[in-house]
Amino acid sequence: NAGVTQTPKFRVLKTGQSMTLLCAQDMNHEYMYWYRQDPGMGLRLIHYSVGEGTTAKGEVPDGYNVSRLKKQNFLLGLESAAPSQTSVYFCASSYSPRQGPTYEQYFGPGTRLTVT
Amino acid sequence: AQKVTQAQTEISVVEKEDVTLDCVYETRDTTYYLFWYKQPPSGELVFLIRRNSFDEQNEISGRYSWNFQKSTSSFNFTITASQVVDSAVYFCALSEGEGANNLFFGTGTRLTVIP
Numbered sequence: 829n830a831g832v833t834q835t836p837k838f839r840v841l842k843t844g845q846s847m848t849l850l851c852a853q854d855m856n857h858e859y860m861y862w863y864r865q866d867p868g869m870g871l872r873l874i875h876y877s878v879g880e881g882t883t884a885k886g887e888v889p890d891g892y893n894v895s896r897l898k899k900q901n902f903l904l905g906l907e908s909a910a911p912s913q914t915s916v917y918f919c920a921s922s923y924s925p926r927q928g929p930t931y932e933q934y935f936g937p938g939t940r941l942t943v944t
Numbered sequence: 327a328q329k330v331t332q333a334q335t336e337i338s339v340v341e342k343e344d345v346t347l348d349c350v351y352e353t354r355d356t357t358y359y360l361f362w363y364k365q366p367p368s369g370e371l372v373f374l375i376r377r378n379s380f381d382e383q384n385e386i387s388g389r390y391s392w393n394f395q396k397s398t399s400s401f402n403f404t405i406t407a408s409q410v411v412d413s414a415v416y417f418c419a420l421s422e423g424e425g426a427n428n429l430f431f432g433t434g435t436r437l438t439v440i441p
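Line order of the protein sequences matches chains E and Z. To get the working numbering, take the position in the first sequence, counting from 1, and add 828. To get the working numbering, take the position in the second sequence, counting from 1, and add 326.
It is worth saying that the hints were derived from the structure and are not from the lab. A quick note: this is a predicted structure, and the numbers were derived from the prediction, not measured. Where a beta carbon is used, it is the ideal one built from N, C-alpha and C, also for glycine. Among the clues, some could well be false.
Stated by the list, open to error - Partial pick of chain Z residues on the chain E-facing surface, computed with a CB cut under 10 Å:
id : residue
1  : PHE361
2  : TYR363
3  : GLU385
4  : ILE386
5  : ALA419
6  : GLU422
7  : GLY432
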């Protein structure tokens, strides 16, 4: 099993450009998440999805959009990149029964994005 | 307000010393989950442990141990006989409620183990 994979690993954008980050998981997890990690701030949730075709906002959703067309994939889009979006982006997935305990999230290797 | 506080920004120890990483959390929910993750220099996040609010038993896994105390809202992590490979940033995280969707992370503690 590859677990959670992210594409690309690195990217440099100019202000105003757009891009899409791809996350894929092969663990048949229902839940998927996008986080950003900034120095001194830990990880913060951008958007998440509880199943194919559903998405929801997290703590810092502004400037991002997401789509979950297939269960195994979760896409994060930046329509008009800004320098404030320079960060490391992590995708995660988890097994979560509809009712029951919260399980751990498994993370991808991260994407380092620089917006100049 | 910060839901998870890791007051120690950086810690350095000499190899074979024991070290404790502190984590204090804040929640009004009676059901919640606490996690520890390790982020080595390579950058990935590695899951270490999950603990629910109804289980206050301490846990030991090899050189790692965790002390959960609801009375002080703390979930501390101890590494015994530290090794250079333990050098990493360690994050404590909180999830509130059942089947919750958000992990609230602390700001992390960078541990450096000096050979």
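These are the hints, each one checked on the structure:
1. PHE361: 6 Å, holds
2. TYR363: 8 Å, holds
3. GLU385: 14 Å, violated
4. ILE386: Hint violated; Z:ILE386 Cβ to chain E Cβ min 18 Å, cut 10 Å.
5. ALA419: With Cβ-Cβ at 8 Å, under 10 Å, it holds.
6. GLU422: 9 Å, holds
7. GLY432: 6 Å, holds
In this structure, the hints that do not hold are numbers 3 and 4, in rising order.
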